[in-house]
Amino acid sequence: MTKHFFGDTTVLLGRSLRHITRSMDTIITTTIMPIAFLLLFVYVFGGAIKTGTSYVNYLLPGILLITVASGIAYTAFRLFLDMKSGIFERFQSMPIARSSVLWAHVLTSLVANLISLVVVVLVALLMGFHSGAGVAAWLAVAGILILFTLALTWLAVIPGLTAKTPDGASAFSYPLIFLPFISSAFVPTDTMPGPVRVFAENQPVTSIVNAIRDLFTQQPVGTDIWIALGWCVGLLVVAYVFAMNTYRRKIA
Amino acid sequence: MTANKIRGPVIHVQGLEKSYKELQVLRGVDFDVARGSIFALLGSNGAGKTTVVKILSTLLKADAGTASVHGFDVATHPAEVRESISLTGQFAAVDEILSGRENLVLVARLRHLKDPDKIADHLLARFSLTGAGARKVSTYSGGMRRRLDIAMSLIGDPPVIFLDEPTTGLDPQARIEVWQAVKELATNGTTVLLTTQYLDEAEQLADRIAILHEGRILVHGTLAELKQLLPPAQVEYVEKQPTLEDVFLTLVGANSKDATSARTSKEHR
Numbered sequence: 221m222t223k224h225f226f227g228d229t230t231v232l233l234g235r236s237l238r239h240i241t242r243s244m245d246t247i248i249t250t251t252i253m254p255i256a257f258l259l260l261f262v263y264v265f266g267g268a269i270k271t272g273t274s275y276v277n278y279l280l281p282g283i284l285l286i287t288v289a290s291g292i293a294y295t296a297f298r299l300f301l302d303m304k305s306g307i308f309e310r311f312q313s314m315p316i317a318r319s320s321v322l323w324a325h326v327l328t329s330l331v332a333n334l335i336s337l338v339v340v341v342l343v344a345l346l347m348g349f350h351s352g353a354g355v356a357a358w359l360a361v362a363g364i365l366i367l368f369t370l371a372l373t374w375l376a377v378i379p380g381l382t383a384k385t386p387d388g389a390s391a392f393s394y395p396l397i398f399l400p401f402i403s404s405a406f407v408p409t410d411t412m413p414g415p416v417r418v419f420a421e422n423q424p425v426t427s428i429v430n431a432i433r434d435l436f437t438q439q440p441v442g443t444d445i446w447i448a449l450g451w452c453v454g455l456l457v458v459a460y461v462f463a464m465n466t467y468r469r470k471i472a
Numbered sequence: 002m003t004a005n006k007i008r009g010p011v012i013h014v015q016g017l018e019k020s021y022k023e024l025q026v027l028r029g030v031d032f033d034v035a036r037g038s039i040f041a042l043l044g045s046n047g048a049g050k051t052t053v054v055k056i057l058s059t060l061l062k063a064d065a066g067t068a069s070v071h072g073f074d075v076a077t078h079p080a081e082v083r084e085s086i087s088l089t090g091q092f093a094a095v096d097e098i099l100s101g102r103e104n105l106v107l108v109a110r111l112r113h114l115k116d117p118d119k120i121a122d123h124l125l126a127r128f129s130l131t132g133a134g135a136r137k138v139s140t141y142s143g144g145m146r147r148r149l150d151i152a153m154s155l156i157g158d159p160p161v162i163f164l165d166e167p168t169t170g171l172d173p174q175a176r177i178e179v180w181q182a183v184k185e186l187a188t189n190g191t192t193v194l195l196t197t198q199y200l201d202e203a204e205q206l207a208d209r210i211a212i213l214h215e216g217r218i219l220v221h222g223t224l225a226e227l228k229q230l231l232p233p234a235q236v237e238y239v240e241k242q243p244t245l246e247d248v249f250l251t252l253v254g255a256n257s258k259d260a261t262s263a264r265t266s267k268e269h270r
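In order, the protein sequences belong to chains W and E.
Heads up, the first sequence is in this note's numbering, so the first residue is 221 and it goes up one at a time.
Heads up, the second sequence is in this note's numbering, so the first residue is 2 and it goes up one at a time.
Everything labelled a hint here was simulated from the structure, so no lab data went into it.
Quick reminder that beta carbons are idealized off the backbone N, C-alpha and C, glycines included.
Check each hint, because a few of them may be wrong.
To be verified - For the chain E half of the interface with chain W, some residues (derived, Cβ under 7 Å), not all of them:
| no. | residue |
| --- | --- |
| 1 | L60 |
| 2 | R83 |
| 3 | E84 |
| 4 | A94 |
| 5 | L107 |
| 6 | R110 |
| 7 | L114 |
As the list claims (entries may be wrong) - Calculated lysine-lysine pairs in the DSBU-like style (CA-CA distance at most 30 Å, straight line):
| no. | chain 1 | residue 1 | chain 2 | residue 2 |
| --- | --- | --- | --- | --- |
| 8 | E | K184 | E | K115 |
| 9 | W | K270 | W | K384 |
| 10 | W | K223 | E | K119 |
| 11 | E | K115 | W | K223 |
| 12 | E | K62 | W | K223 |
| 13 | W | K384 | E | K137 |
| 14 | W | K470 | E | K62 |
| 15 | W | K304 | E | K241 |
| 16 | E | K62 | E | K22 |
| 17 | W | K304 | E | K137 |
| 18 | E | K241 | E | K184 |
| 19 | E | K184 | E | K119 |
| 20 | W | K470 | E | K22 |
| 21 | W | K384 | E | K62 |
| 22 | W | K470 | W | K384 |
To be verified - Have a look at the derived ranges for each label pair, beta carbon to beta carbon:
| no. | chain 1 | residue 1 | chain 2 | residue 2 | range |
| --- | --- | --- | --- | --- | --- |
| 23 | E | K184 | W | V461 | 42 to 50 Å |
| 24 | W | L346 | E | T169 | 50 to 58 Å |
| 25 | E | Q181 | W | R242 | 29 to 37 Å |
| 26 | E | N189 | W | I252 | 50 to 58 Å |
Here chain W stands alone, though its shape is the one from the complex:
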């Protein structure tokens, strides 16, 4: 069964990538909200927020995480459609490596989110974002974002497989989109009252945002990057195990 894993995954990946290139509107839709936040916070609220640096530079890392959180809603939605339409069962009744159906969706999610991230970064550049980061730092940022996307994608697989309605498939992403608001993504955490500040400083978004921000501004990344990687890998492993269990129960 596994002898065809890579071939089957490639064929199925080609299929879902075609879905993306034929409905570019989903990419645009997923980037609208993060770009709107970017515009709103830079040009409306940003003037009043003291971060000690240009606000678009401060804000971009958090916006990138919001982009991924909004993008994976579509991952769950695409999987849900395949489940509902019966094409998932067709694939499962064929002599293919069964897990390749899931992996194709995961890799498609990665590609779609990377396209969205590039779009958002381009908009930020137009708005005056600048970074003196070298190739290595950019690659490190890309690596963190890829890990983060993979972790959230495996999380998205669970509602994609189990949801009863399209809304149910994508609703899980709303709390993820708003998690950055209670973190260092939009404002420094030191002005927040006690319990909120404790939550903000110890939730994954803050360490990931701080690590990316330090890489962009060529600051030493300190322990933040290890905490960030710990969160990403931890979430990835837990989400993967739960998603695979759900998948095995679904396909008998």
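Fit chain E to the known structure of chain W by using the hints.
Chain E alone, transformed into the frame defined by chain W:
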């Protein structure tokens, strides 16, 4: 698969049981399907037809009983079973965003066949879809979708094909198109197991018919055999054989007004 060129039934089902939590859907289903025949599993909605098909196509595991397809046990050799079958599910499982041709090429690639393009062109021609081959499937009519769906099932020439309610939701014209396609399959030696809630469909297509009701096979035989289960017509003026509809409704205990009035009006007793 060469080791399994055995004679005898190509599908063998014995004592199949399946429950979804409290609900017992199958309560011991037995039947055999002969090689190269069309076998219809007839039953109302919720009788358990789809559950039987899902177990036979390795999508579900039975709670009890055994089932084998093309000589392979579905529980112990699912991979070999999947090599031998094709499933056409209850709703046309086609990719709406791809074109008809791309759908066929996709399945041919997943079945690891040589020359997927040639296979796709050949099947488009066979199912009168050549003109529509390059169009997105979302623009197809219901009948075209079903034809494409069945064409996808034929790729790789699997010896056994499962058709789960192939004409549900289709208009009469599209139904006839699908019937035509199914009949052609059987003449080429493929074994077809189809489920249906339409009595005329079973009557039209099937060599043998099994009536599934409340999780059990009530009767099982050719159309002529099933007809003999009821006393022959004894009407004084016009002699009329019971139709399959009479057999079915008597066996499962019809309770709808339409069916009762239809039976009384025929006055066959």
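Here is what the structure says about each hint:
1. The restraint placing L60 (chain E) at the interface with chain W holds, with a minimum CB-CB distance near 6 Å, inside the 7 Å limit.
2. Look at R83 (chain E): its Cβ gets to within about 4 Å of chain W, closer than 7 Å, so that hint holds up.
3. With a least beta-carbon distance of about 5 Å to chain W, the hint placing E84 (chain E) at the interface is held under the 7 Å criterion.
4. Annotation: A94 (chain E) was flagged as interfacial toward chain W, and the flag holds, the nearest CB pair being 4 Å apart, inside 7 Å.
5. Interface hint status for L107 (chain E): upheld, as the beta-carbon distance to the closest one in chain W is roughly 6 Å, under 7 Å.
6. Interface hint status for R110 (chain E): upheld, as the beta-carbon distance to the closest one in chain W is roughly 5 Å, under 7 Å.
7. Taken as an interface hint, L114 (chain E) does not check out: its beta carbon lies about 11 Å from the nearest beta carbon of chain W, beyond 7 Å.
8. Taking the CA atoms of K184 (chain E) and K115 (chain E), the gap is about 27 Å. The hint holds against a cut of 30 Å.
9. For the given pair, K270 (chain W) sits about 45 Å from K384 (chain W) by alpha-carbon distance, which is inconsistent with the 30 Å threshold.
10. Between K223 (chain W) and K119 (chain E) the CA atoms are separated by roughly 25 Å; this keeps the pair inside 30 Å, and the hint holds.
11. Pair hint K115 (chain E) plus K223 (chain W) holds up; C-alpha atoms about 17 Å apart against a cutoff of 30 Å.
12. Only pairs whose Cα atoms come within 30 Å are accepted, and K62 (chain E) paired with K223 (chain W) is accepted, the gap being roughly 24 Å.
13. Annotation: proposed proximity of K384 (chain W) to K137 (chain E) holds, straight-line Cα distance about 27 Å (limit 30 Å).
14. This hinted pair checks out: K470 (chain W) and K62 (chain E) have alpha carbons roughly 11 Å apart, not beyond 30 Å.
15. With a C-alpha separation of about 46 Å, the suggested pairing of K304 (chain W) with K241 (chain E) is violated against the 30 Å cut-off.
16. Annotation: proposed proximity of K62 (chain E) to K22 (chain E) holds, straight-line Cα distance about 14 Å (limit 30 Å).
17. Simply put, K304 (chain W) and K137 (chain E) have alpha-carbon atoms about 19 Å apart, close enough for the 30 Å limit, and the pair holds.
18. At roughly 28 Å between alpha-carbon atoms, K241 (chain E) and K184 (chain E) fall within 30 Å of each other, so this suggested pair holds.
19. The straight-line distance between the Cα atoms of K184 (chain E) and K119 (chain E) is roughly 24 Å, inside the 30 Å bound, and the hint therefore holds.
20. Of the pairs offered as hints, the one joining K470 (chain W) and K22 (chain E) holds, with about 15 Å between alpha carbons and a cut-off of 30 Å not exceeded.
21. Note on K384 (chain W) and K62 (chain E): the hinted pairing holds, with a Cα-Cα distance of about 22 Å set against a maximum of 30 Å.
22. With a C-alpha separation of about 13 Å, the suggested pair K470 (chain W) and K384 (chain W) falls inside the 30 Å cut-off, and the hint holds.
23. Between K184 (chain E) and V461 (chain W) the C-beta distance comes to about 49 Å, which sits within the given range of 42 to 50 Å.
24. The hinted window of 50 to 58 Å between L346 (chain W) and T169 (chain E) holds, with their beta carbons roughly 53 Å apart.
25. Between Q181 (chain E) and R242 (chain W) the beta carbons are some 32 Å apart, a value that agrees with the proposed interval 29 to 37 Å.
26. Restraint check, N189 (chain E) to I252 (chain W): a C-beta distance of roughly 52 Å satisfies the suggested window 50 to 58 Å.
The structure is inconsistent with the numbered hints 7, 9, 15, although it conforms to all the rest.
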